[in-house]
Amino acid sequence: MMRLFERWALDVQLVLGIVTVSLFGIAMIYSAGQVHVPNVVTEGAWIRQARWFVLALLAFTAVSRIPLRWIEWAAVPSYVVSVVLLAATLVVGEGRGTAAGVKSWIDLGPLSFQPAEVAKLATILALAVYLAPRETGLTSLRELVPPGMMVAVPLGLVMLQPDLGTAMAFVGILFAMLYWAATPVWLLLLVASPVVGLFLAYDTRLWSGYILLVIGFLIVKSRQVYLVESVAVVLANFATATIARPLWNSLADYQRNRILVFLDPEVDPRGAGYQIIQSRVAIGSGGFGGQGFTLGPQKRLDFLPEQHTDFIFAVVGEELGFVGTALAVLALAFVLSRLVRMASHLGEAQAFAGFVLLGIFGAWLVHVFVNIGMTIGLVPITGIPLPFVSYGGTFLLMSWVAVAIAVRVAHERP
Amino acid sequence: MSIHLPHEVRSRADGLHLVLGILVCILLVGFFRIQVLLGDEHRLRAASNRVRTLPVPAPRGTIYDRNGLIVADNVPGYQVTVLPGPVDSVRATLRRMQLHMHLSDARIERVIQTLRAYGREVVVDSDADFERISALEERRSEFPGVYVEMRPRRRYQLGAAAGHLTGYVGEITAEELDSDLFPDSLYEGGMVVGKVGIERQYESTLQGRPGIRHVEFDARGRIVGDFRGAEALAPVAGRDLHLNLDLELQRWIQTIFPDTLSGAVVALDPADGGVLALYSAPGYDPNLFVGGIDDATWAALNADERKPLFDRAVLGLYAPASTWKLATAGIGLELGVVRPDEVMPQPCTGSMYWGNRSWGCWDRAGHGYNNLAQAIGNSCDVYFYQLGLRIGLGRLLDRATAIGFSRQCGLDLPQESRGIFPDRPQWYRDTFGDVYLYGPTEAEALNLAIGQGPNSQTPLKMAQFYVALARDGSAPAPSIARDAPLAEGWELSLQPEHIASLREGLRLVTAPGGTAHFGTALEYWDVFGKTGTGQNPLSVRGLAEDHAWFAGMAGPPGGPPEIVVVALVEYGVSGGQVAAPIVAKTADFYLRRKYGIPTDTIQTYREHIMRGPMPSWYRERFPQAFRPAATGGGGG
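Same order as they appear, the protein sequences are chains A and B.
For the first sequence, this note's numbering assigns the number 1 to the initial residue and increments by one for each residue that follows.
For the second sequence, this note's numbering assigns the number 415 to the initial residue and increments by one for each residue that follows.
There's no promise every hint is true.
What the hints assert, rightly or not - The following label-pair restraints were derived from C-beta to C-beta distances:
#1 B:R505 x A:L235: 51 to 61 Å
#2 B:D640 x A:G289: 20 to 30 Å
#3 A:E6 x B:V433: 22 to 32 Å
#4 A:V153 x B:D519: 50 to 60 Å
#5 A:V234 x B:S416: 25 to 35 Å
#6 B:G429 x A:F238: 25 to 35 Å
#7 B:R505 x A:V185: 54 to 64 Å
#8 A:Y254 x B:F446: 29 to 39 Å
#9 B:F446 x A:L23: 17 to 27 Å
#10 A:W248 x B:T711: 56 to 66 Å
#11 A:L23 x B:A531: 46 to 56 Å
#12 B:E556 x A:G209: 50 to 60 Å
Since the hints were derived computationally from the structure, they do not count as laboratory data.
Glycine included, C-beta positions come from ideal geometry on N, C-alpha and C.
Only chain A is shown next, with the shape it has when bound in the complex:
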């Protein structure tokens, strides 16, 4: 009985937390529209976001009533459909608003949406269906291949749009769910090692040290890792190191600049470094207490880029100060921790629910950390929205659908 109450309390905490963050988001979008020279895009954005919020609540109510079996049953077909849609997007997709250069939208007359948002949820469900029946952990690289492929397909398609931010969310989903499937952390690190090596490859000595470290680790763990797998990991590392330079050269200028200015924004203060410098200056000038809601001068005078979407957190920083940013970060962390808590309170038979919750956790964690981190230069700038706060209808709706599914699956008693 006690346990039931606790689970119910967690649901309420999650939903109330997200409602609070959503309302906060609408308020910040309103503030983002309060500029010296108003423009149509940002001025009425908060009203549109509020409408989407109402719609999202209706969707939440509806989805949270769908029987669990339906969800399990629909998981794989919806995964297949969303992959097809992602592929279609590459052909018929179009850019939109602040991400005009990325073909991520499908236009269906009155309705237009981003298939990637649907694909994230579908992938989580499909992966949960695949992982749930397992009684034991994934302990070998070979076992990681099927789930890896399931994520790699939509991830690759999203990369081709190209939408690096959403692609990173897929990585978050994969790693969080593999971890929940009791995959040892060192194994996850081995999987990640070629990617880390890709970035270290710019310095030969650094990379040499790194590859020796990986090989040494494989020798230490030789009892648990097949030789073939060890060789595969090492070869993968060499492969990524080899393609590092051609890959760098094949990047578009703006992509390269984003990485360069991440290392030092001042190399191009009026070009690629402009966004990060202005964002950091705005956030820094908020100081401890902030400039006051709607009163941020940098925002008002148009210095902030993408202030109602990707850089909404810069508005938070400028106007509400460190108090505001800390509270916002903690509120989002609270929502994320509720998901983990809910997962840890499930019964033994609720494996599917656990994976779904963790998939959502993984996706949102990436969104939150990358979006907030990029506003102060902790991570390179990628076009990735802040869940429930950034302006964007499809994203808000799908995030709320995810909440509904999370609540639904966690609530179902076997």
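Based on the hints, put chain B in the right spot on chain A.
Using the frame of chain A, we list chain B on its own:
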């Protein structure tokens, strides 16, 4: 053993919480560093991002004439300025502006260069008219970084009538900034300063102290408003300047000076040497220069054969000719080598024989026996040859140099030519070389005595000399501003009877029978003066006419002169016919206003009889004209 057993699940959940906690800590530490630890720095950076400190131009002091009328003042003008930015985008913006305002490609490149060199805001057009500004303002978003401000614009009421005198203002150049005239503590780029004339001379008086304004801009360079976070500094207006100049007299001179001729008119107040008028023809309108003259106008002014930019009154050097005979006379009297009533031993027979050659008088008919006044009235060369010989070359050079014929007058203008005159015998050899290996002979004294020889003077200098004759022999330095620091004057020590005899000589020139009589006879005033026919390089070769001089003074009948006027008309042929009426009309206009008599455009006796019967006043003023002439006058 299932991986979904509660304790397994819990431990994994703890791991996830750990990861979440680490990431949250990274974010919190990051924001704490940026917002709290580096908050002040970022606040400053944010302010410098959008707030620019701009100078507020101070209004220049107003220039008034002697009667309190405005010579130069300020009216509201508009200035277009561009903020520094990437060179290419600034250039693109200025190119787009060419559609709406006059902006040459050369001007754009100059703006870009200044921008590169100083990295500060640059004035694109310091005098844009209202319509163009409106067009610009309507399309503000097309012109990022461009803003329009009101700024005081200089206006010269006299226009071309006093362009040389007032001078004009313009934006300070890099060379001026580097010079000591414009100390760094007071001047900075973009300021408007006096370039020439009074504006330059009294720059430190007229210049105010610019204020400071903190203006907030948005990311696109649009002005948002004044930033109240920092203290603004109001500009301090420049001090006003009061001149001795008579604005209406200056304007009058412009109207009476023959349009097709070039020359200069200088009017001085004998009481203190104050400049009542200083006119150079042709003139130029200084208003053209305010806010930068356009290239075509500038080229046209420079190409004009009549050289309108050249200030003939203070820079032009002309052979003074017969007007200089008064200097010979004054020096002779001072040295006591001649008495006023003394008649020179050798009568004028049209020429004189001295030193192996004949020295002609301008009038081959001859003048007979003359005393000093008669010699002046007749402008008799033979008399002055003998006077020159009595003075001697050495003393003539000494005294003439002492009264400043080889110096500047010390007028309060940035530029003034020094007279050309031999300041000592050695001068001849220094100047002309070995022709004078054995020094100049006394023959030079004969040349100099009649205003010939190496002697070139500015109209201003000749006016100053006649001021001494209108006074007691002393001459203060002429001054344009009322409180000008006076340069040193000089003095001819003459007795009152000496002065009287010199003025009598000048009176004979304008008396009935004198060459300048008809053009100078006035209803209310006595006009005395001396004509001069100045040879010039062209007239010597017969290619052009001589320059015409008239140096005169005027005042109420019987009283001391109250105005000294010198007129020089280039290639004007006859001092009496062309230059003298200008002097008389100038003096008449000034004195009538001084004594409250309505002014009239028909002033001289000649003007009256050209238009109708003999005026009634003429018989009263010049009864001697109706008696048989006892003495005649003439000038050359």
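- [ ] Note whether the CB distance of Y254 (chain A) and F446 (chain B) lies within 29 to 39 Å or breaks it.
- [x] holds (31 Å)
Open item on the list: Is 20 to 30 Å respected by the C-beta to C-beta distance linking D640 (chain B) and G289 (chain A)?
Closed with: With a Cβ separation near 25 Å, D640 (chain B) and G289 (chain A) satisfy 20 to 30 Å, so the hint holds.
TODO: Return holds or violated for the Cβ distance of G429 (chain B) and F238 (chain A) against the range 25 to 35 Å.
DONE: Roughly 31 Å apart at Cβ, these two residues keep to the hinted range, so it holds.
Task: S416 (chain B) and V234 (chain A) - C-beta distance against the hinted 25 to 35 Å - done: holds (34 Å)
Task: Whether the CB-CB distance between V153 (chain A) and D519 (chain B) falls inside 50 to 60 Å - done: Because 58 Å falls inside the window, the suggested range holds.
TODO: Please test the hint of 54 to 64 Å on the beta carbon pair from R505 (chain B) and V185 (chain A).
DONE: holds (57 Å)
Task: Cβ distance range 56 to 66 Å for W248 (chain A) and T711 (chain B), holds or violated - done: holds (59 Å)
TODO: Using the beta carbons of L23 (chain A) and A531 (chain B), state whether their distance is inside 46 to 56 Å or not.
DONE: holds (54 Å)
- [ ] With 22 to 32 Å as the target window, see if E6 (chain A) and V433 (chain B) comply at their CB atoms.
- [x] Cβ of E6 (chain A) to Cβ of V433 (chain B): about 23 Å, so the range 22 to 32 Å holds.
Task: Beta-carbon spacing of F446 (chain B) to L23 (chain A) - inside the hinted bounds 17 to 27 Å or not - done: holds (26 Å)
TODO: Note whether the CB distance of E556 (chain B) and G209 (chain A) lies within 50 to 60 Å or breaks it.
DONE: 55 Å Cβ-Cβ, so the 50 to 60 Å window holds.
- [ ] Kindly confirm whether 51 to 61 Å is satisfied by the beta carbon distance between R505 (chain B) and L235 (chain A).
- [x] holds (54 Å)
In the structure shown, no violation is registered for any of the earlier numbered hints.
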